[in-house]
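Undergrad: If you want the building blocks of each chain, they are given just below.
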Amino acid sequence: MATELPGLLGPVVFAGLLVASGLTLLAGYRVIVGPTTPDRVVALDVIATNVVAIALLFALQTGEALFVDVSLVLAIIGFVSTVAVARYVTEGDIIE
Amino acid sequence: MVSTLQAAVTTALVVVGSFFLFVGTVGLLRLPDVYNRMHATSKATTLGAASMFLAATVYFTPAGQSLTAIVGIVFLFITAPTGAHMISRSAQRMGVEFALGATWPGMPDSRPDEPADGEEQAEA
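Respectively, the protein sequence lines represent chains A and B.
Read in my numbering, the first sequence has 73 at position 67, and its numbers run on one by one without any break.
Read in my numbering, the second sequence has 422 at position 45, and its numbers run on one by one without any break.
No lab work stands behind these hints, which were simulated from the structure alone.
Just so we're clear, the structure is a prediction, and the values are computed from it rather than from any experiment.
Fair warning: there could be bad hints in the mix.
As the list claims (entries may be wrong) - Quick list of simulated restraints, FRET-style, between CB atoms: (1) Pro-17(A) x Pro-439(B): 15 to 25 Å; (2) Thr-68(A) x Glu-474(B): 38 to 48 Å; (3) Ile-82(A) x Pro-482(B): 26 to 36 Å; (4) Val-392(B) x Val-76(A): 33 to 43 Å; (5) Glu-97(A) x Thr-381(B): 10 to 20 Å; (6) Ser-380(B) x Glu-70(A): 32 to 42 Å; (7) Ser-27(A) x Gly-478(B): 15 to 25 Å; (8) Val-403(B) x Thr-42(A): 18 to 28 Å; (9) Tyr-94(A) x Thr-438(B): 17 to 27 Å; (10) Ala-479(B) x Ile-83(A): 27 to 37 Å; (11) Ala-21(A) x Pro-458(B): 21 to 31 Å; (12) Val-451(B) x Tyr-94(A): 22 to 32 Å; (13) His-462(B) x Gly-34(A): 32 to 42 Å.
Even glycine gets a Cβ: it sits at the ideal position worked out from N, Cα and C.
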């Protein structure tokens with residue numbers, strides 16, 4: 007699928023996909039282990055940013071410019087989920 | 378098609394973005410405190426994703442979605458500090474302590490359950 011990428015760009019994009027996927031799995035360690043709830047929220051934010059980078063690298067690999075829009079929508083969803091979880095944690099602590 | 382200069386610039390930006398994503402995730406895994414982790418990830422990971430957006434901008438330059446990628450850079454630079462600020466404020470409201478004996482400025486005995494903006498003192 008990466009045949010139309012010229013020169014060194016194809017292997018570099020593939021290596022970037024591997025790096026971003028491995029970093030997403032490593033951030034999952036902090037989601038599971040993390041001592042407090044804000045640690046897990048920070049790790050989920052990192053996972054959302056890595057998924058944005060994965061969508062952009064996939065757009066470069068396939069040559070489909072549609073996936074840039076997909077990455078922008080993923081960035082919006084990550085921001086909204088981060089704000090929602092942070093507010094939920096704060097309000098729950100105030101109520102109890 | 379993509380010219381040689383575009384391919385070279387895109388390759389360099391993808392390498393830089395992968396490096397900054399790596400640095401941000403290492404900071405998330407190895408720093409001792411939630412505030413330190415939030416600091417590391419909100420800077421380095423945002424810069425890595427913005428570099429990926431810039432690579433997409435360069436690659437799709439003659440036609441396509443390059444303007445959408447620039448909008449993505451602006452969106453990341455607006456929303457990443459906002460999200461980090463909300464996470465750190467909720468951590469402070471929950472009473473998460475600093476590591477290594479650091480305290481809040483102006484509070485020598487470090488009581489994080491008192492809100493700093495004085496909303497609860499107004500009704501009490």
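Undergrad: When the hints from earlier in the document are held up against this structure, which numbers fail?
TA: Failing hints, ascending: 4, 5, 6, 7, 9, 13.
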